[in-house]
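Kindly generate the complete structure, drawing on both the sequences and the hints.
Here are the chains, one letter per residue:
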Amino acid sequence: MSFFSTLINGLSLGGIYALIALGYTMVYGIAKMLNFAHGDIIMVGAYAIVTTLGLGLHPLAAIVAAVIVCTLLGIATEAFAYRPLRGASPLAVLITAIGVSYLLQSIAQMIYGSQGIPVTLGAFGAVSVFGTSIQISSLITLGLCVIIMTALTLFVNNTRVGCAMLAVSEDKAAAQLMGINVNAIITLTFAIGSALAAFASTFYLMQIPSASPTLGSMPGIKAFTAAVIGGIGSIPGAMIGGILLGVIEKLALSFPALAPYTTAIEFALLIIILLVKPTGLLGKKRREKV
Amino acid sequence: MAIKTSVKPKIKNCTNYFIVGAFFLVFLIIDLASGGLRNSSSILLTKIAYSIILAVSLNIVVGFLGELSLGHAGFMCVGAYIGCFFENILADIIPSKILLIIAAMIIGGLAAALSGIVIGIPTLRLKGDYLAIATLAFGEIVRTIFKNQAVFGGALGLTTHRYGKSLWIIAFAVVFICLFITQNLMLSKQGRAIKAIRDNEIAARAMGVNVTYYKMVAFVISAFFAGIAGVIYGNLISPVSNTFFDFNYSIEILVMVVLGGMGNITGSILAATVLTFVNVKLTTQLSGDLAALKNLIYALILIVIVVYNNAPALRGLREKLDFFKFVTGLKEKLFKKKPGDSEPPSTASWDKIPTKIDMDALLSTDVTPDKSFEADKSASRRKE
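Residue numbers (the working numbering), protein chains in the order written: chain A, 1131 to 1420; chain B, 71 to 454.
In short, the hints are calculated from the structure, not lab data. Predicted model only: the values in this text are computed from it and were never measured. Check each hint, because a few of them may be wrong.
Below, computed lysine-lysine pairings styled on DSS-like, alpha-carbon distance capped at 27 Å [what the hints assert, rightly or not]:
hint : chain 1 : residue 1 : chain 2 : residue 2
1    : A       : K1162     : A       : K1414
2    : B       : K197      : A       : K1162
3    : B       : K197      : A       : K1407
4    : B       : K403      : B       : K390
5    : B       : K351      : B       : K259
6    : B       : K364      : A       : K1162
7    : A       : K1407     : A       : K1162
8    : B       : K351      : B       : K364
9    : B       : K265      : B       : K167
10   : B       : K351      : B       : K235
11   : B       : K403      : A       : K1414
12   : B       : K259      : B       : K197
In structure tokens:
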């Protein structure tokens, strides 16, 4: 494996992390909560793809199904588990999110079993660029991630609803006084975050074609790390953090001496960045008031 | 007004010793009367004991210091690996089984405490969610490192000495020591400083509390006991595998603390006992994919209890169903005060003044247009 193909693989993995990290960071920015169940929404998306493909439908239909299922699930978890706790202590919300995560995992395990189910989302070959072979699936992932992230940035910065989201994340009470329906915006944020997670699960299955109940937990934690590295609450931060983490993971895996310690390196990077810049790379510093 | 200087003996603390002591004695008597407990019971008791140690020690950080730690299993991992590694070495030198495990516990605990210092120096500057994610990262780093060291058995895990059936007695002895140290710490000057940091860090700093130092004290003591719990685990189960100490286990300990009530040691003890019991029983009863049912029940209990205890909308219901209020109400009805009893002096109780106004909570309450206010306005307009 040459450096160039490793880099492309890293970028595409980073794109997946960035998509998941966007879900974390948007929810954190707006609802001020760590949605630990976000990783498991990816897992549900993967099973939605497995089920639709099992019905003999086209892979594109499977992706659409995954997006719909994940979006509805995101809205449902927000409505039933998190909305009653609006205004409660952050730790209580965190524990509930963990509860939701366990719940989704155990339901998936009861329906589909704990063994991995193989998934094929179409066969992609490899293409030769500058003499090194590159997986086409990596290129597709990378390209689509860039398109999705550009669309999201445009949506947030240039539409009225996007501005409302920014306003709510800035100051919830002031946004409400300006006539913004805060509850609707929070629901919308969960919906968008979950839809991004569905895309992430599609790309994830293109790289690792097997669905299992714990599929989402490790990418979830890593994407969360990426969101914190980039500065949680910041949308460009999540993208940068995700891509950085993906590239570092693939680079570390390409050196035999470092490969076993990949996870340790990634988390050590998080601690180092938090030490140098406690709010993450692009995080805003909040002045402490007495 | 005379200032009370004598501190009343805290009945609450005796309850904890009493609960654990009674629990321990019941099983000790069963043990002696029936000529030895069944193997499964002694394993269950040991698991309960180390869960109590973990929950109580995590409560120091989460409940009393008020910082969220998601890496408690990481400290346990350090204790289990280092403690049991040295136990294997020392086995040839120390012939007595009890002395050997005590030495291993001290080494494991100190190793975990040392790792607590190493990780605490950089991360304790962080706050809230950031500290939580940094401790999570620490747990994963520790696990990855131990997984890749051939000295510690690599991915297969470290083969350890099993202590045998009577391990549970030693484990409960450690529970008592842990309770004694934790409770006395919380009643001491250091404990008050730690609680002051939780209630209002800025105010505590302004009053001259060395915040960094006391955060470190809480963190290191908590890590020390987690390390000891790790050694107990290592003497129960062999080989010690890194997969046990993953993020989910840290969460499981946190769940015990939260369900028991943060800052409530009795609650931690009860929650750790009940959850461990339920966990072990469900795991042995359900096999294969039905094991997921265990997690399902666990998750539902968790969500329902947390939502019930914390949802602002359910405050009225909570007050109506409050068990303790019901008991005190019953007491008042049964033992009506005689008219001769002197009323307590109506001086302002200084310790009840809220030190911290939760602005976030105030701001995040829904601002819906008040109908009565509108009606008032139109009424006053009509007057004009």
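Now the hints, each set against the structure:
Note on A/K1162 and A/K1414: the hinted pairing holds, with a Cα-Cα distance of about 14 Å set against a maximum of 27 Å. A C-alpha spacing of about 14 Å is found between B/K197 and A/K1162, which places the hinted pair at or below 27 Å, so the restraint holds. For the given pair, B/K197 sits about 13 Å from A/K1407 by alpha-carbon distance, which is consistent with the 27 Å threshold. A hinted pair counts as satisfied when its Cα atoms are at most 27 Å apart, and B/K403 with B/K390 qualifies at roughly 17 Å.
With a C-alpha separation of about 42 Å, the suggested pair B/K351 and B/K259 falls outside the 27 Å cut-off, and the hint is violated. Only pairs whose Cα atoms come within 27 Å are accepted, and B/K364 paired with A/K1162 is rejected, the gap being roughly 30 Å. Our distance criterion of 27 Å between C-alpha atoms is met by A/K1407 and A/K1162, whose separation comes to about 20 Å. For a cut-off of 27 Å, the pair hint linking B/K351 to B/K364 stands: about 10 Å separates their Cα positions.
With a CA separation close to 39 Å, the supplied pair B/K265 and B/K167 exceeds the 27 Å bound. Taken as a hint, the B/K351 and B/K235 pair is honoured in the structure, with Cα atoms around 19 Å apart against an allowance of 27 Å. Our distance criterion of 27 Å between C-alpha atoms is broken by B/K403 and A/K1414, whose separation comes to about 57 Å. Between B/K259 and B/K197 the CA atoms are separated by roughly 23 Å; this keeps the pair inside 27 Å, and the hint holds.
Against the hints set out earlier in the document, violations occur for numbers 5, 6, 9, 11.
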